[in-house]
Amino acid sequence: MNIPMLNRRQVLGGAIGGFFAYAARNRCDQLFASSIGDAAKAKRCIVLWMDGGPSQIDTFDPKPGKTTGGEFQSISTAADGVRISETLPHIAKQMDGLSVIRNLSSPIGDHQRAQYFLHTGFQFVQAFPRPALGSVISHTTTPTDFPNYVALGSRGFGPAYMGPEHAPFSIEDPAQARQLLVALRKRRGRLQLLNNLGAEFDQRHASTLVQQRQSMVSRIEALASTRFAEALDMERSSVADRQRYGETGFGQSCLLARRLLDLGVRFVEVQLGGWDTHANNFPALRQLCGQLDQPWGALMADLKSSGMLDDTVVVWMGEFGRTPRINAQRGRDHFPQATPVVIGGGPFQGGRAIGQTNALGTEISGDAVSVPDLFATIMSAFGIKPGQEFTTDFGSPTTATDDGKVIQGLL
Amino acid sequence: MIFSLTTAALIAFAASSTGPRAFPAPPIDRSIDSIVDQHLPGVAGQTPAELCSDSLFLRRVMLDLVGRIPTVGELQEFMQNPNRPAKIDQLLASTEHARFMSEIWTASLVGYSNVFGTDREALRMWLEKQLEQDVPFDEMATALITARGASSLNGPVNFLVRHLDDPVVKVGRMFLGVRLDCAQCHDHPFDRWTQEDYQRMRMFFGQVRTPYRDGTVFVHDELGRASRDQRPVFLTGARPRTDHWRAELALFVTNSKPFARTFGNRIWYHLMGRGVVDPIDDFNTENPPAVPQLVEYLAEQSRRHKFSIRDMLRLICNSHAYQRVETSIISLESQEPVRLRVLKPLTPGQYFDSIATALDRQVTAAERQRFVQSMVGDVLQEDFNPTWKYRETVQTAMSRLAMPMPQLNDSLEEIYLRVLSRQPTPRELELCRGRPKADVLFALIHSNEFFFNH
Chain A
1 MNIPMLNRRQ VLGGAIGGFF AYAARNRCDQ LFASSIGDAA KAKRCIVLWM
51 DGGPSQIDTF DPKPGKTTGG EFQSISTAAD GVRISETLPH IAKQMDGLSV
101 IRNLSSPIGD HQRAQYFLHT GFQFVQAFPR PALGSVISHT TTPTDFPNYV
151 ALGSRGFGPA YMGPEHAPFS IEDPAQARQL LVALRKRRGR LQLLNNLGAE
201 FDQRHASTLV QQRQSMVSRI EALASTRFAE ALDMERSSVA DRQRYGETGF
251 GQSCLLARRL LDLGVRFVEV QLGGWDTHAN NFPALRQLCG QLDQPWGALM
301 ADLKSSGMLD DTVVVWMGEF GRTPRINAQR GRDHFPQATP VVIGGGPFQG
351 GRAIGQTNAL GTEISGDAVS VPDLFATIMS AFGIKPGQEF TTDFGSPTTA
401 TDDGKVIQGL L
Chain B
1 MIFSLTTAAL IAFAASSTGP RAFPAPPIDR SIDSIVDQHL PGVAGQTPAE
51 LCSDSLFLRR VMLDLVGRIP TVGELQEFMQ NPNRPAKIDQ LLASTEHARF
101 MSEIWTASLV GYSNVFGTDR EALRMWLEKQ LEQDVPFDEM ATALITARGA
151 SSLNGPVNFL VRHLDDPVVK VGRMFLGVRL DCAQCHDHPF DRWTQEDYQR
201 MRMFFGQVRT PYRDGTVFVH DELGRASRDQ RPVFLTGARP RTDHWRAELA
251 LFVTNSKPFA RTFGNRIWYH LMGRGVVDPI DDFNTENPPA VPQLVEYLAE
301 QSRRHKFSIR DMLRLICNSH AYQRVETSII SLESQEPVRL RVLKPLTPGQ
351 YFDSIATALD RQVTAAERQR FVQSMVGDVL QEDFNPTWKY RETVQTAMSR
401 LAMPMPQLND SLEEIYLRVL SRQPTPRELE LCRGRPKADV LFALIHSNEF
451 FFNH
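Protein chains in written order, with the numbering used here: chain A, 1 to 411; chain B, 1 to 454.
Since the hints were derived computationally from the structure, they do not count as laboratory data. Accuracy of the hints is not assured; some may be wrong.
Label-pair distances were calculated between CB atoms; the ranges are [to be verified]: (1) B/74 / A/211: 29 to 37 Å; (2) A/264 / B/139: 31 to 39 Å; (3) B/306 / A/144: 39 to 47 Å; (4) B/287 / A/264: 40 to 48 Å; (5) B/435 / A/211: 45 to 53 Å; (6) B/228 / A/408: 42 to 50 Å; (7) B/374 / A/360: 45 to 53 Å; (8) A/403 / B/287: 41 to 49 Å; (9) A/362 / B/114: 33 to 41 Å.
The beta carbon of each residue, even a glycine, is placed where N, CA and C say it ideally should be.
With the sequences and hints as input, model every part of the structure.
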């Protein structure tokens with residue numbers, strides 16, 4: 001349907017009814033109401049973010065024996081015909097639940113812009129901030145007293161027009177975050193005094209801003225009363241769990257992520273940094289894959305055995321891939337032309353390899369998929385259609401993805 | 001942490017400060033008020049609000065000009081001699097003023113974080129120097145548009161570095177109040193700018209080269225021949241006569257009427273919290289000014305004062321429009337009262353400095369930096385708003401509320417003066433009775449009365 005562009009003077013001149021119809025048609029919540037429910041299969045999403053850009057050849061698109069292949073052999077996995085790097089033995093056992101995308105190509109080789117692109121699905125345009133995937137997915141659920149976009153080990157990306165209630169709740173140190181919540185619980189009396197003393201000013205200056213800030217206190221009181229703080233308390237997890245996930249920072253973050261998903265948090269991102277291996281790629285990759293393999297394997301095993309994998313989307317990605325060519329420092333440089341992604345859970349089939357690169361890994365053979373395609377695919381699991389319209393806070397309507405198409409091979 | 005002031009003395013001077021006061025006899029330009037007064041609700045049979053009390057005036061003007069609340073000492077001194085024009089002059093001449101305004105301008109020019117190799121601090125230091133010397137804003141704009149050199153060495157270069165992907169969009173919003181970004185994808189629905197206008201404007205930066213080495217961006221121009229349709233054209237249709245396109249653009253921009261209007265409106269926005277045209281970077285036919293005559297007057301004064309930021313601040317701070325308890329006018333469009341001056345959330349810097357002032361604490365630059373970053377977060381790094389807006393998340397509010405409060409020996413009256421620059425009311429004294437001092441301090445520091453400039 002074509003929506004006629006209304007000019008503001010016309011609206012004020014009497015076309016008020018038309019204006020409201022226009023506004024109503026563009027309200028996101030309304031759009032969601034019609035599309036969520038039947039189509040949505042997934043309830044939760046976890047993204048394992050490999051900051052710096054992980055090498056595809058040394059992880060999920062191995063080229064053993066080739067000049068570009070590097071130092072690692074490939075191994076067979078639980079998925080027929082899908083081979084991955086020998087550095088990921090635990091993940092190999094879980095590949096029946098995960099599919100590898102080998103033909104994702106992106107034009108952006110700069111860290112900051114590529115991180116933005118792979119977090120929002122849109123290329124960075126200063127004048128038009130885009131919400132992070134976590135904010136969009138947080139927005140697909142009814143509001144809860146705890147945050148629905150949690151970033152572990154990073155600050156996450158902004159909510160843009162989705163609004164501050166869908167901003168990432170970022171946790172560097174869970175123990176500290178828990179202490180903060182517990183401390184605020186104890187400050188109940190103070191918060192009460194704050195409300196009482198402030199009441200007069202707040203009434204006299206009633207405005208959206210004042211109300212927003214005032215309601216923040218009650219939101220925090222509500223958050224402090226949920227089990228969010230208990231989920232952050234790693235002491236409450238079993239010793240066996242902690243050992244299975246590995247006593248490393250990333251391992252404990254993965255365990256925490258699982259506890260948050262158990263609680264009902266909609267979207268969790270866990271970051272593992274250090275993948276920008278311009279020099280000494282191979283010892284670094286052996287070490288990084290070592291950090292990644294066991295916790296991710298444990299996470300997959302837990303999601304599978306609890307049945308949660310059926311409605312939890314798991315995504316592994318970073319901002320780009322790395323060059324097949326090995327440089328003079330034994331490193332690999334930025335290579336967005338082949339950006340590795342692994343995806344599973346929810347409506348997505350495991351055990352597949354989507355697309356392929358040529359023998360040396362220097363080019364994608366056949367069709368490529370784009371970053372917007374990836375975002376269309378992930379969002380579709382949450383009942384968001386790629387062309388679905390949102391209205392920004394500055395009034396401009398926009399679509400959920402930048403002309404993305406769902407990757408059919410994953411369904 | 002104990003004041004030399006006695007409670008009795010405090011009460012004495014604060015009591016004398018309540019209620020409205022007559023404005024001191026003017027050697028002052030009243031033109032703003034003669035324009036605004038025509039639109040006051042008084043005309044429609046209501047009484048316009050009176051001027052605010054001296055203590056509220058001091059809090060307001062110090063937040064706006066030096067970025068923090070007054071100390072109890074400063075408050076006491078002003079109450080003894082409440083000469084508003086003299087106070088405005090004194091604040092404008094202070095080093096604190098240049099420092100504070102440099103932060104405000106830095107935030108408008110490049111936002112709150114160092115993205116894409118921007119060296120914010122280098123830019124801020126350059127701005128502080130310009131502001132100290134009251135360099136005319138058209139000269140500053142020219143320097144920002146034409147800057148070249150290394151981002152870490154030459155402050156103004158960072159304006160361009162921050163907006164490298166499309167500098168002309170920011171130049172349009174910042175200096176002309178025009179949103180060319182809409183024309184990036186489609187012809188502007190409400191205005192005459194087309195995609196072609198945008199493409200031609202964009203060419204002004206077509207010669208810019210920006211190699212990046214070791215954390216520094218080097219900005220320079222590569223002058224060369226270009227065919228006629230590759231040459232830039234200004235929005236007015238004017239074409240550069242030389243090969244120095246950026247210099248030509250700066251000249252076109254700073255000599256244009258929109259430049260003066262946007263400048264005057266921006267200073268007004270800083271003080272009043274709302275532009276006469278609002279948003280301030282969106283002048284277009286469908287977004288008319290609240291008071292058309294006022295935009296023109298401010299533009300005219302901007303030119304007359306040779307784009308001196310300080311003169312414009314002085315002009316507006318001395319107006320009744322600025323000094324009333326609240327200033328509402330009758331809107332031309334809706335015939336309803338609208339606020340000309342609105343509640344302003346403190347910027348992270350203002351908030352931090354005001355807390356430090358209230359608690360009488362010495363703080364380090366690193367502490368301040370951490371606080372500002374926690375309040376802004378990377379979450380806003382893509383923020384394109386003219387200045388900071390209140391967008392606190394649950395998380396930043398939590399860390400704020402968990403801030404430890406110092407132990408004080410002050411009386412309740414003293415705590416109120418420290419934090420809110422006023423006496424507590426009897427009701428407030430009643431509510432605070434028997435509560436620990438730290439709880440009262442907590443409640444006041446986190447109150448909206450403290451957090452907003454009102």
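Verification of the hints:
Under the hint 29 to 37 Å, the C-beta atoms of residue 74 of chain B and residue 211 of chain A, about 32 Å apart, fit the expected range. The given range of 31 to 39 Å is broken by residue 264 of chain A and residue 139 of chain B, whose C-beta atoms sit roughly 58 Å from each other. Remark: the range hint 39 to 47 Å for residue 306 of chain B to residue 144 of chain A is contradicted by a beta-carbon distance near 56 Å. Distance hint check: the CB atoms of residue 287 of chain B and residue 264 of chain A are about 43 Å apart, consistent with the given range 40 to 48 Å.
A hinted range of 45 to 53 Å is violated for the C-beta pair residue 435 of chain B and residue 211 of chain A, which are about 25 Å apart. A hinted range of 42 to 50 Å holds for the C-beta pair residue 228 of chain B and residue 408 of chain A, which are about 48 Å apart. Distance hint check for residue 374 of chain B and residue 360 of chain A: the Cβ-Cβ separation is about 47 Å, which falls inside the suggested range of 45 to 53 Å. As the Cβ distance of residue 403 of chain A to residue 287 of chain B is approximately 30 Å, the hint placing it in 41 to 49 Å is violated.
Separated by about 35 Å at the C-beta atoms, residue 362 of chain A and residue 114 of chain B satisfy the suggested range of 33 to 41 Å.
Hint violations for this structure: numbers 2, 3, 5 and 8, all remaining hints satisfied.
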